[in-house]
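Q: Starting from the known structure of chain U, fit chain D onto it as the hints suggest.
Quick note, the sequences are listed as chains U and D, same order.
For the first sequence, this note's numbering assigns the number 218 to the initial residue and increments by one for each residue that follows.
For the second sequence, this note's numbering assigns the number 218 to the initial residue and increments by one for each residue that follows.
Hints were generated in silico from the structure; no laboratory data involved.
Please note: incorrect hints may appear among the correct ones.
Straight line, CA to CA, 25 Å or less: simulated PhoX-like cross-link-like pairs of lysine-lysine [as the list claims (entries may be wrong)]:
1) D:K366 x D:K315
2) D:K282 x D:K315
3) D:K344 x D:K355
4) U:K366 x D:K315
5) D:K269 x D:K253
6) D:K360 x U:K315
7) D:K241 x U:K241
8) U:K308 x D:K366
9) U:K366 x D:K308
10) U:K227 x U:K241
11) D:K269 x U:K241
12) D:K227 x D:K282
13) U:K241 x D:K355
14) U:K269 x U:K241
15) D:K227 x U:K253
16) U:K282 x U:K315
17) U:K355 x U:K308
18) U:K269 x U:K308
19) D:K269 x D:K282
20) U:K227 x U:K282
21) U:K227 x U:K269
22) U:K282 x U:K269
23) U:K269 x D:K241
24) U:K315 x U:K227
25) D:K308 x D:K355
26) U:K355 x U:K344
27) D:K227 x D:K253
Number of protein chains: 2
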Amino acid sequence: MKDDHSHEPKERILRAAIQLFARKGYSATGVRELAKEADVNISMISYYFGSKRGVLEEILNYFFKNYQSIIDQALFIDASIDQKVRSFTRKVVDFFRKDPDLIRVAFTEMPFDLPNIAEFKAERIRKIIPLGQSRFIKDLEAKGELPFKTEIIGPAIIGMIVFHFLMRPVIESIFGQSFDDEFYDTYSDEVANLFLYGVIGQQMEYKD
Amino acid sequence: MKDDHSHEPKERILRAAIQLFARKGYSATGVRELAKEADVNISMISYYFGSKRGVLEEILNYFFKNYQSIIDQALFIDASIDQKVRSFTRKVVDFFRKDPDLIRVAFTEMPFDLPNIAEFKAERIRKIIPLGQSRFIKDLEAKGELPFKTEIIGPAIIGMIVFHFLMRPVIESIFGQSFDDEFYDTYSDEVANLFLYGVIGQQMEYKD
Numbered sequence: 218m219k220d221d222h223s224h225e226p227k228e229r230i231l232r233a234a235i236q237l238f239a240r241k242g243y244s245a246t247g248v249r250e251l252a253k254e255a256d257v258n259i260s261m262i263s264y265y266f267g268s269k270r271g272v273l274e275e276i277l278n279y280f281f282k283n284y285q286s287i288i289d290q291a292l293f294i295d296a297s298i299d300q301k302v303r304s305f306t307r308k309v310v311d312f313f314r315k316d317p318d319l320i321r322v323a324f325t326e327m328p329f330d331l332p333n334i335a336e337f338k339a340e341r342i343r344k345i346i347p348l349g350q351s352r353f354i355k356d357l358e359a360k361g362e363l364p365f366k367t368e369i370i371g372p373a374i375i376g377m378i379v380f381h382f383l384m385r386p387v388i389e390s391i392f393g394q395s396f397d398d399e400f401y402d403t404y405s406d407e408v409a410n411l412f413l414y415g416v417i418g419q420q421m422e423y424k425d
Numbered sequence: 218m219k220d221d222h223s224h225e226p227k228e229r230i231l232r233a234a235i236q237l238f239a240r241k242g243y244s245a246t247g248v249r250e251l252a253k254e255a256d257v258n259i260s261m262i263s264y265y266f267g268s269k270r271g272v273l274e275e276i277l278n279y280f281f282k283n284y285q286s287i288i289d290q291a292l293f294i295d296a297s298i299d300q301k302v303r304s305f306t307r308k309v310v311d312f313f314r315k316d317p318d319l320i321r322v323a324f325t326e327m328p329f330d331l332p333n334i335a336e337f338k339a340e341r342i343r344k345i346i347p348l349g350q351s352r353f354i355k356d357l358e359a360k361g362e363l364p365f366k367t368e369i370i371g372p373a374i375i376g377m378i379v380f381h382f383l384m385r386p387v388i389e390s391i392f393g394q395s396f397d398d399e400f401y402d403t404y405s406d407e408v409a410n411l412f413l414y415g416v417i418g419q420q421m422e423y424k425d
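Excised from the complex, chain U in its bound form (with noise of 0.2 Å):
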């Protein structure tokens, strides 16, 4: 996770499920190649998360605390819907782009047989979600009324950018071009573009 800490053990264990659960799935890494990978003695993985499902939880954790902090930073400004929806799209892309091995898991991961990911994953965006409507759908309803639920618009600005990345290597051989700085700063401006026109387009027209 940080680059400093990446000598202790802990950090040792969590980087290499990151990079085994994306590629591998989380079904298919055992605990004994999990500790090889991460350099430790299989007893730190108990030692410090109690079982393989408790460095999953843990990842995810780490995912959520991020993404919380990338909300904190976009939407807690005085800035206008316009100047917030932009920052985060930045911000998201930023985040996703440093780390898309965490992304892939945090995104797909949510085997059958841990059924209660699901719940899992849900307790911790439940508590994201009222910054967002504090800080987001209250701006848009100060317009007027919104012509659309919440439940379908929120989750839409995350999922074009995060299938976007768990179809990275696709997208690039479809268009021959490897994904760089200059592409990200279009790519979030456009995502941006798409989300503060379609969303505002349509509340407009329903005022009309």
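A: Same frame as chain U, now just chain D:
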């Protein structure tokens, strides 16, 4: 895949593989386990598909065949941009609802030990893109220069929908509701609206 063929061994293998890959992941699913779940002799898997990899490729081919047929039906009609997008989102949502496990496999299975599966997907998508270009992007271009990259806008609409289905158990838990037919009617319309207002609103602004 098709119910009327569910008694044939080949179909049973594919159906069992979709379930197992979706729930445990491709890497964690053993060939022996797959044969047992499909109630076939293990040799049937190599007979029909060559290998586990062959089963995954057949699943992806099945997905892309269906996806292409949706594009054909939604875009190859003499209709406005608005009608095409609404028809596309409705058909995609119906398809995804019918078989969430298939969608999960199609969009998340990209194991590290099978690096060229990304290329396999890319090849199939490359064949679909000209359809979208000729029947949708050209209509948009007729309205003026495009203020966005098609490699960003194209995946965005499908990304919003895929994300909803990948995260559906989490989203249902968060909002304390089980999504029914009525929800999905609204859902299709709102995603189409977000995309249409987003894309066309941007384009109008750009022309001013």
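Q: All the hints need checking, so say for each whether the structure fits it.
A: These are the hints, each one checked on the structure:
Among the hinted pairs, K366 of chain D with K315 of chain D is inconsistent with the structure: their alpha-carbon atoms are about 31 Å apart, more than 25 Å. The suggested pairing of K282 of chain D with K315 of chain D holds, with an alpha-carbon distance near 15 Å, which does not exceed 25 Å. A threshold of 25 Å between alpha carbons decides the hint, and for K344 of chain D with K355 of chain D the separation of about 17 Å falls inside it, so the pair holds. Simply put, K366 of chain U and K315 of chain D have alpha-carbon atoms about 23 Å apart, close enough for the 25 Å limit, and the pair holds.
Proximity of K269 of chain D to K253 of chain D is assessed by CA-CA distance (about 14 Å); at most 25 Å being required, the pair is judged to hold. With a CA separation close to 38 Å, the supplied pair K360 of chain D and K315 of chain U exceeds the 25 Å bound. Distance restraint check for K241 of chain D and K241 of chain U: the Cα-Cα separation of roughly 10 Å lies within the 25 Å cut-off, and the hinted pair is therefore satisfied. Distance hint between K308 of chain U and K366 of chain D is fulfilled; the C-alpha atoms sit about 21 Å from each other, no more than 25 Å.
This hinted pair checks out: K366 of chain U and K308 of chain D have alpha carbons roughly 21 Å apart, not beyond 25 Å. Taking the CA atoms of K227 of chain U and K241 of chain U, the gap is near 21 Å; set against the 25 Å cutoff, the hint holds. For the given pair, K269 of chain D sits about 15 Å from K241 of chain U by alpha-carbon distance, which is consistent with the 25 Å threshold. Under the criterion of a C-alpha separation no larger than 25 Å, the hint pairing K227 of chain D with K282 of chain D is consistent with the structure, at around 17 Å.
In summary, the hint linking K241 of chain U to K355 of chain D is not supported, as the alpha carbons are separated by about 41 Å, beyond the 25 Å threshold. With a C-alpha separation of about 14 Å, the suggested pairing of K269 of chain U with K241 of chain U holds against the 25 Å cut-off. Restraint check for K227 of chain D and K253 of chain U: the C-alpha separation of about 39 Å exceeds 25 Å, so the hint is violated. For the suggested pair K282 of chain U and K315 of chain U, the alpha carbons sit about 15 Å apart, so the restraint of at most 25 Å is met.
Taking the CA atoms of K355 of chain U and K308 of chain U, the gap is near 21 Å; set against the 25 Å cutoff, the hint holds. In summary, the hint linking K269 of chain U to K308 of chain U is not supported, as the alpha carbons are separated by about 30 Å, beyond the 25 Å threshold. For the hint pairing K269 of chain D with K282 of chain D, the CA-to-CA distance comes to about 20 Å; that is within 25 Å, so the pair holds. A C-alpha spacing of about 17 Å is found between K227 of chain U and K282 of chain U, which places the hinted pair at or below 25 Å, so the restraint holds.
Note on K227 of chain U and K269 of chain U: the hinted pairing holds, with a Cα-Cα distance of about 13 Å set against a maximum of 25 Å. As the CA atoms of K282 of chain U and K269 of chain U are separated by approximately 20 Å, the hinted pair is consistent with the 25 Å bound. In summary, the hint linking K269 of chain U to K241 of chain D is supported, as the alpha carbons are separated by about 15 Å, within the 25 Å threshold. Distance hint between K315 of chain U and K227 of chain U is fulfilled; the C-alpha atoms sit about 20 Å from each other, no more than 25 Å.
Simply put, K308 of chain D and K355 of chain D have alpha-carbon atoms about 21 Å apart, close enough for the 25 Å limit, and the pair holds. The hinted pair formed by K355 of chain U and K344 of chain U meets the criterion: a straight-line CA distance of about 17 Å does not exceed 25 Å. At roughly 13 Å between alpha-carbon atoms, K227 of chain D and K253 of chain D fall within 25 Å of each other, so this suggested pair holds.
Taken one by one, the earlier hints fail for this structure at numbers 1, 6, 13, 15 and 18, listed in ascending order.
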